[in-house]
Every structure is written in structure tokens, then in C-alpha cells.
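> Given next are the chains, with one letter for each unit.
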Amino acid sequence: MRLGSGTFAACCVVVEVLGVVLFLRGFFPAPVRSSSSSKHQAEPPAPEPSAGASSNWTKLPPPLFSKVVIVLIDALRDDFVFGSKGVKFMPYTTYLVEKGASHSFVAEAKPPTVTMPRIKALMTGSVPGFIDVVMNLNSPALLEDNVITQAKAAGKRIISYGDETWVKLFPKHFVEYDGTTSFFVSDYTEVDENVTRHLDKVLKRGDWDVLILHYLGLDHIGHVSGPSSPLIGRKLSEMDGVLMKIHTALLSEERETLLPSLLVLCGDHGMSETGGHGASSTEEVSTPLLLVSSAFERKPETWLCVLWSLSALSADVFFVHPVNPVWPARGSRFRSCWLGDIRYPKHVQQTDLAATLAIGLGLPIPKNSVGHLLFPAIEGKPMREQLRFLHLNTVQLTKLLQENVPSFEKEPGFEQFKISERLHGNWIRLYLEENNSEVLFNLGTKVRRQYLDALKTLSLSLSRQVAQYDVYSMVVGTVVVLEVLTLLLLSIPQALSSKAELEVPLLSPVFSLLFYLTFLVLSAVHVIVCTSTESSCYLCSLSWLTAGGVMVLVSALLCAVVSALTKVLVRGKLLSKNAAHSNSRWSELDLLILLGTLGHVLSLGASSFIEEEHQTWYFLVSTLCLALCHDIYRNYLPGDDCEPQRCLHVEGGFDGATPALQDKNTSSAVLELNRGCKSPSSLGTLRGYEKWMVLASPWVILTCCRLLRSLNQTGVQWAHRPDLGHWLTSSDHKAALSVLAALSLAVIFALIQRRCSPASKVAMALGLLGVYCYRAAIGNVLFPWQQDNKDISKGILEARFVYVFVLGILFTGTKDLLKSQVVAAGFTVKTVGLWELYSGFVLLAALLLRPHNLPVLVLSLLIQTLMAKFVWKPLRHDVAEVTVMHYWFGQAFFYFQGNSNNIATVDISAGFVGLDTYVEIPAIFLTAFATYTGPVLWASHLVSFLSSEASSSSALSHAGFCYALIGSFPVSAYIILVTSLRYHLFIWSVFSPKLLYEGMHLLITAAVCVFFTAMDQTNTKS
Amino acid sequence: MIATQENTMKDTDIKRLLYTHLLCICSIILSIFIPSFFLENFSILETHLTWLCICSVSVTAVNLVLYLVVKPNASSKRSSLSFKVTRFVKCCVYFLMSCFTFHVIFVLYGAPLIELVLETFLFAVTLSTFTTVPCLCLLGPNIKAWLRVFSRNGVTSVWENSLQITTISSFVGAWLGAFPIPLDWERPWQVWPISCTLGATFGYVAGLFISPLWIYWNRKQLTYKNN
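So the protein lines, in turn, are chains A and B. The first sequence begins at 1 in the numbering used here and counts up one residue at a time. The second sequence begins at 1 in the numbering used here and counts up one residue at a time.
If you are wondering where the hints come from, they were derived from the structure by calculation, not from laboratory data. Just so you know, not all the hints are guaranteed correct.
Which residues of chain B face chain A? A few of them, derived with a C-beta cut under 7 Å, are [as the list claims (entries may be wrong)]: (1) 108; (2) 109; (3) 112; (4) 182; (5) 183; (6) 184.
DMTMM-like mimics (lysine to aspartate or glutamate), calculated; alpha carbons at most 25 Å apart, straight line [what the hints assert, rightly or not]: (7) A/168 <-> B/13; (8) A/346 <-> A/273; (9) A/152 <-> A/273; (10) B/144 <-> A/631; (11) A/456 <-> A/411; (12) A/567 <-> A/503; (13) A/456 <-> A/379; (14) A/245 <-> A/178; (15) A/499 <-> A/881; (16) B/144 <-> A/690; (17) B/144 <-> A/588; (18) A/794 <-> A/916.
For every residue, glycine included, the Cβ atom is placed at its ideal position computed from N, Cα and C.
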């Protein structure tokens, strides 16, 4: 089958989008969440089950603890407390662990082992997925149901000192707080001083219910000098002192109150052997969790642990741990103590703390919590209360299971829950009938065991849903993407030939042996993976037919790649026989384009370069302008005498220094130079004014780019710098903004109208007027007669007025295109039609962009005009170069608008323009368009430029192919990079948002390629 | 006969080229170490601007001295004093112009417009020292010749070839020097314009090293149109 290269490229990109979607689905596991999680109103707690007899205990049980102190030490690894280090440096804590009224656990953290998601896990009990970040776009605050919010709703007074992440996550939750930043890693005393200095005062006051202390010093020491540094010991001693202070204060206060209090010591994540964290090694995920309260039973002093305390200091005795063989690898003291008193800390999940805290404080368990209650904490309570707590937890987990697993009835946990609930009911009946206490106790123990089993099963099957990356789907997605990219790369010579057609072997692979073999192998692999894997997998959850379709796609693509490869090899042999006649050397511009693209792709491997990607594009675009400048001067100034050459230098200097020099009459010197420049013969074809503009245009473009760069500061490092955008949007400068907006709209009209039909000219003018009215209505800009902005509306009428014109212009453009196709009316109708489509997009962009960004639109139009008229046309760049330049400028403009690779910079307000309420589809479309205005406008300019200027008919299809290639190259490379960096510290904060942006960008590219193909089709038909 | 003569000419030229380049490299290295004997607290990173001044002055001086001693291009016929003076003045004007042009280009590339003007300008001066000064020495204030040297197949001697290489490598070095700026390593040399000046210096030194070797390596292939 023969395909045009544009069509081929569009098909490829569409398939690639499928691959990327599959990859994203595997990379971002869907979170387990309750469907009612957005609403915070408290549902009535589940009543106590009862068979027959009615129990009247329907309220939440009262709190177990009057006060809770959470001491969170960043990067506290389990062996810092339970290991030899703990014994040496934390004597008081060791005393509490061994003999005090305490329960100790090793809490396992889920990767990414980074502070913020860990705090979320501790407080919500859920495993935070990345989707959460996307869901609450702009607000860093935690909107999910969590212990802190519940406690606040219940009127508890909460105080937080330490890492300011808490303050960001829970704004307005704390009656008192002092956030310390974890910015200066080298500071490890001050950060903790800032927490401890409040302690005395707060402990004395006692007018609070929950106190949260987050110490950062240990983490900082780890980052700087690793876990074996002597500083660690000193820090641990300091922490031990803090714990002692808090504990004694709590004990002394308890005498006055009835209820005991609870002290929680935990770490958010561990520390690897090099001192870092973020990944999933045992050292990083194991954290200690210590619950101390006088409500717990004190432990008897056993002789074995006395023995231990002697041996732990002298030597490590090696026993193979019966449950977890990882233990002996690290110096932990349990080795010596597991024989008699089996008190080595039990392994629990970090998420279990939320449920325990909720029960302890008498709050409802957070809805999305997948953890189960730490049973030892309630062991001392009467049987009825114990069962009540367990029941509450089981009900919550079952509800979550029902909402997330479609076939929940078949889950073993659900069946266990039903059984235990029935038993519980029976027990309650017996209890209310005042039966024999011993029978009651025995039966109760049975019910309790049943509940605990149910809890464990439920919690396990729930946390399995979110546990880790779905590597299988990721691999399949990557394979699809890479195959498509290889196919595109292999078909470059054919696709860019003058015919712009290529033979796509579609039928032959279907009948080839290779296809069936691959298909069989892949199906076998699929069955094996799906039956063996424990964690949930998206591909496996698909129906067999769909999965089979994916396999067919993968194997067909593989066959296509193989056949393309053989073809290329054969042709390569032929060519080498025919001797190297293709000696056309690469120009500097081509070299720059190639190196720039490669360099940009490589830079995506570094988190800083992703954060500051705009700098890469600005840099590349500036270099491109200089290269163009070099090209222009070499072509236009061959220079017979030295005069004209000098003029270029001076002119360059002048022009760059004063952008206003565009109107050449400002100084006589320039005029003189201008005359000097006239002499070269190769400029003879151009008139004086045009020649001058050709020479000046790269500098004008550079100046424009520089102005735009200072309009919006984005990125991370320099984002706080003052920029023009902030200056303009501040309310003091509303008049300036109004003038600028009006001026910009006028210039937009002036630049866009020259090639429109009269009707759309009028529509454009009215539309732009409407844009200004809309901005005035919502109070962004002022009318000259309007002094104060009293009446601010949503501007729905005005915005819809503009939408009418946008649709009208787009409709006229489409009509013209169709007319040119049907009637064969000719070239001009088509050109006008394309230009009208383009101007329709411009009008929509003018409406959606914030008023201070209108200059971006103006300068983009200006640069496009200059480039088209004075650079591409006279220099006769080939289609591939023009396409790549459009792509680069499109990328640069994406950042000029103020976007970045952070989700937070997406302007969601664009989705509400002209809409009364949130309507999903238009809002998403408008937001996407507003965000990707730059790339979309440059791509549509490319279409209209090429169809109006290009000499050959295959230009559009070449351009489509190049656009597809250059768009899909970074995505493919980035997918591989992200897969290899999936345990990187910044995977959630930097790499994942960028992945989403890349995915979205590929979608836009696919749309652009389809658009190209459509235009190309009309071209060939007419 | 003529060919062998030419070859020996070339060989001696390459040798002289190597020696002059080594002298230039020495001047840069000395500009790093000598001032610390006279100035207190001198170091490249902390007193970067001082170093920039010293480096550009010493490189300019060495270039001038070498030009006067070695005289790579054929002596001009007219050598009246007034001609020499105008030529010198022209050279100075050209140098200043190139400094300003570079400054403007840096600003267009994103250097701050108002802050750090002195730093940016000194960087421009340094880059001009590495590129414009050798051009002025070798080719004189004659942009036509400059354009010829920097277009493809335009070089006419060993000297011009090495000039081409060192100039381009200085530019590429400065260009590459901008890359570490966005990285979050928080090193003192990542501050504008230190990494760029260091990059330009490294590029220049590398060009000085490479060009004699490269020319020596390719001496068979290189044929220069004699003028």
C-alpha cells in the first residue's frame, strides 16, 4: 500500500499516542479512593452489629487518649532506634522500648520515600498516587480525608512545629505553628533548635490536644555525611533528650487528667547507606514506629534482654531471622533477642498509623485509609470496645474495597468480614444477655481473631491496588513507542524524497511467519505475566480481545520495522555500489538543528534541566537566530569592498542595543549605512527597504525574544525574580495594562487582517473588540471612561460574543477550503481559507490568554511575519528546516507564555471563559488550547505558510512527516529516561509532571499531524 | 622542488605557530598564578573580575608582542607613521565595537540588562580578547578578510587556519559554558558569567592546543591558495 508521507506520519503518531497512554496508565497507578472523598461531611459511624437484640451503641467510641504528641524525625531508620546505635545513643528510648509501657513496630514506607508523600501516607492512611497531584492542580493542600482535618473538625487544638510541609499540607489547621524549611541541607542544628525551643513553653501550657514535631536535622546529616557519620550519634542523643522531656512532661500531667496520653515516635522514611532516600531499598523503607502511653502494659524485665544489652554492645550475634531474612544483614539487636522474649518489632505498614490515631483520638477513620488498626494499642481495653474498634476499621476497609474492586464479593477479605460481623452480632447478643463471662471471653477472642484476619486480608488486597509501577504495561507501551520511532527514522529517506510517498508493507507482514511467531510468543508472555504477577496490572485487567489487539499491533509494528530495515540495508548496498554521489554537505544550520534536538533530548535526563527547560529553548532559539543571521550575511554580503561589511557590524550593534531603531529614519548614520549596504549585487533583486529588513530581521527577532523572556519568569530557580507580567497584573498598574492590551489587540488586527477576506476582517475586528470588552467586564482592564471597577461580572455575554466570531471565522475558513477542493477554484481561495483558520485560532488565543500575555501573541505574529517574509522566503530554506524552526519557536513560545514543566503553572481560568459553571469537555479543551497556544499557533502558521509559499506540492506532507518525527523523538527518549529514573528522588516532583506535559504535547502533535494530512489531501485533490 | 620548499615553509610555520600558542597558553596560566603573589585574597572565583582584567590584558599583550616579533603576514608596503597610527586607532575602535556587540548579544541571550553590567561587559571584553584581538593582529582592521577567513575554504595560510580554529573554539566554549548555569549544584562557578568566561577560556586554550596539532596532522591535505 502506498501512503503519502504525511498520512504515514499521522498514523504513526496516533499509534504512538496509544503507546504513551498505555505507558502512562502503567506509570501512574490509579489511586484507591473512596468515591465520596470529595465531600467532608461526616457519615454516621457504623453501628455495632447485633443479632436480634438491639444495641444502642451507635455513636463513635470516646477517645482513648487525651493528648497525642507525634515526634516525626526525618529519615529515622529503624536501626537508629532498635539497633546498636539506638542502644548507644538513645538510652531513654531503649528503656521505653524494652521495659516501658510501649509498643514498637517497624513501619514500612512505600516508595517514593520522600517526605511529602510520606506525611500524606501517615495522615490519610492511603498510598498517595501521583494522580492526586494532578487532581488538586494548584493547591498543595491535602484535600483528602485525613486525621488532622478530622481532628480539627472535632474541635481538637493542633500545634505543629518543624518542617513547613505540614503547614503547606494543612493550611489553617494548626492553632500554632512554626515552619522550618528543609532548604539548607548543610544546616542540621538550627532547624532542630527552632523546633525544640518551643517545647518547654508548650508542654507547660497544655492547652492543646495534638502536638506535631517534625525534626529535619537527621535527614540533613544523612544527606551531607551519610548514616555512619559521628554526627548521627550526637543527633540521636539530642532526639533522645527531647523524647525524655516530652515523656516526663506527659506523665506528670497525666496525674491530673483521667485519660492517658500517647507519644508517637516515627520516621517518615529511612536512609540508604549513602545517606540519600527516595528509592525502595530496605534501608530506605524501614522506619521505626514507637507508641508510648501509660495505657499500655509495662513489660516484664526478662533475663534474655539483659543478656542482650550486654551482647549488643560487644558483638553482633548472628541468627537467621525466622520471618524476615533481611534482618541479619544489618546490625540489629533483635538477632540476639528473638529466642525467648519475642519482642522484635513487628513489621507493619506506615499507613496503619492513621487508623490507629483516628481510633485513639475518637475520630472516624479516614475514608481512603488502607491501613489496619495496630491492635496492641487497644489490647488493654475491654472486649466490647476492642471488637467495636475492629468492626469500625473493617467496615471502613470493606467500603473502600467495594468502591474500588468490581468483584469485591469474591475477595477473601470480604467473606471474612461477613463471617466476623455475624459472629460479632452473636457475641453482642450474648453480652447483652449477661452470659457467663468466661464463655463470653473465649468467644470474644475468637471473634477478635476473625476480625484481625479479615483486616489483614482487606488491607493487603487494597494496598496491592496501588502498590507499585505496573511495569508490564510500561514495557508494552515503551515497545510500541520505540517501534513507531524506529519506523519513522527508517523511512526518512523515502518519506523525504521528492515524491513524498512511501511503500508501507501492510499485507506482507500479516501473512509472514514472523508475525505469527511474535504474536504467539507475546500472547504466551501475556498469559504468563498475568497469571504470575501479584500486583494489579492494567493490561491484564483489559479484556482478552483488547489485549490481543495490543499484541497484534506490537507484532505488526515489529514486522514493519524489520521489513523497513531490510529495505534500507538493500538500498544502502545499492548506493554504496553506485558510489557516494550524495555529497551534499550539511550546512551549519542543519548541524545546529540536529545538535540542538539531540542536546535537548539528552538534557531531559537532568532534573534541573527539566525545571529550567525554558532556558534550553530560549538558548536554542537565540542561537538559531544568530545562525540565521550568519546565513543571511554570508548570502547577501559577498563583499567586493569592505564598506558594506562594516555596516553590518555597526548595524548589528545598534539594532540590538535599541530595538526602537526599526524605523530607520531615527538617525542619519543608519541611513548612510543603509545606502552603503545597497551596493552588493546579490541584493539587487530586492528593494532597499526589504533588503534592510532582511539584514535587520534576525536582530529584531532576537530583541523580541529577549522582551518576551522578561515578561514571564518561569521555572524554579529564577521564578521569584520580578518580571513584567507581575508588574502589569498588580492592581496599581491597571491603566498601563489596559493601554498595553488595547495596543496589542490593535497590532494583532493590523498583522492578521492583510490576508483575510473582507467578511472575516470585520469579524476579526469585532472579535478583538469583544476580547477587550470581556477583559474589562471581568475587571482585568479598564475603559478610559470607566474610573473604578465597581461592577465586575463573569463576562459571559462578552466571551460568548467572541466565541461567535471565532466560530464564524473558522467556519468561513473551512468553507473556503472545501470550496477550493470541490470547485477547484484555485490556489488563492485555499490560501485565504487556511489563513482564516489561522486567524480564528489567533482570536481564540487572544480571548483565552491573560491580558498581560497579549504581547506574546503580538510578538509571535510579528516574528512569524518577519521570518516568512524576510528569512524563509529569500533564503529558500528547505521544508524540513522551516518545520524544525517552527517547532523550536513553538516550544519557546510555550514557555514565553509563562508555562513551565510544573503542573501549577497551568492557567485553569482559561477553562472558565464564557462558561457559567464548570463543564468538563469545553473546559478541558479551552485549557489545553490556552496552554499550548504557542505550539498550536506556530504549527498552523506552518501550514498556511507552506501552502501559500512552497513550490512543490509535496511540501505539506514533508512538513507533516518532519513535525511528527521531531515531536515524537523527545517523548520516546523521555519515556526511557523516566523508566530508568523511576526511583529518583524527584520522580514525583519533577519528572512525572514533565511526563504528563510530554504526553499532552504528543497528543497535540498528533492533532497537528492529522491537520497537516487533511490539508495535504485537499491539496492533492485540487 | 617548489612543493618541498613549500612543505618546509609550512613545517617551520607550524613550528612557530606551536611556540606562539604555547606562549599564549603560558600567559593565561601565569595570569592565574602570578597575581596571587601581589594581590591578597586573589582567586579566580572570588575575585573573578580582577582575574578577567588581568587575563585579557596579558593575552592582549602577548598577542601584540608575538605579532610584532613573529610578523606572520607579509609586511605592508606603505609603512608611514600616519598610516600606522590610523591603523592602530581603527583597531582600537574595532575592538571596542566588538566588545559592545558581544555585550548586546549576551543581553539578547538572556543576561540581565541592568544588574551585573560590569560582569557582562568584562566577559564581552575577555571574549573579544580571545577572538577579535588575534583577528586584528593577523588580519588588520579589514572585515572583508575576516569574512573570508571565517567562510568555508577561505583560509590562505597556516596562521589563518589556526585563527579560525581558536576563534571558533572560544565561541563554542563560551556557548557551552552557559549550560551548567541552570543546574542546581549551587557551586560558586555557576554564577553568571563565571562559567561562561571559564568556558571561553577553556575553549581558547583548547583551540590553541588543537590547532597546531590538527594542522600538523592534516598538513598533506591542506593546500592554501597563495596570494
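> Does each hint hold? Answer for all of them.
How the hints compare with the structure:
{"no.": "1", "hint": "108", "verdict": "holds (4 Å)"}
{"no.": "2", "hint": "109", "verdict": "holds (5 Å)"}
{"no.": "3", "hint": "112", "verdict": "violated (9 Å)"}
{"no.": "4", "hint": "182", "verdict": "holds (4 Å)"}
{"no.": "5", "hint": "183", "verdict": "holds (4 Å)"}
{"no.": "6", "hint": "184", "verdict": "holds (5 Å)"}
{"no.": "7", "hint": "A/168 <-> B/13", "verdict": "violated (69 Å)"}
{"no.": "8", "hint": "A/346 <-> A/273", "verdict": "holds (23 Å)"}
{"no.": "9", "hint": "A/152 <-> A/273", "verdict": "violated (39 Å)"}
{"no.": "10", "hint": "B/144 <-> A/631", "verdict": "holds (16 Å)"}
{"no.": "11", "hint": "A/456 <-> A/411", "verdict": "holds (13 Å)"}
{"no.": "12", "hint": "A/567 <-> A/503", "verdict": "holds (10 Å)"}
{"no.": "13", "hint": "A/456 <-> A/379", "verdict": "holds (17 Å)"}
{"no.": "14", "hint": "A/245 <-> A/178", "verdict": "holds (20 Å)"}
{"no.": "15", "hint": "A/499 <-> A/881", "verdict": "holds (18 Å)"}
{"no.": "16", "hint": "B/144 <-> A/690", "verdict": "holds (24 Å)"}
{"no.": "17", "hint": "B/144 <-> A/588", "verdict": "holds (21 Å)"}
{"no.": "18", "hint": "A/794 <-> A/916", "verdict": "holds (8 Å)"}
Of the hints listed earlier, those the structure fails to meet are numbers 3, 7, 9, in rising order.
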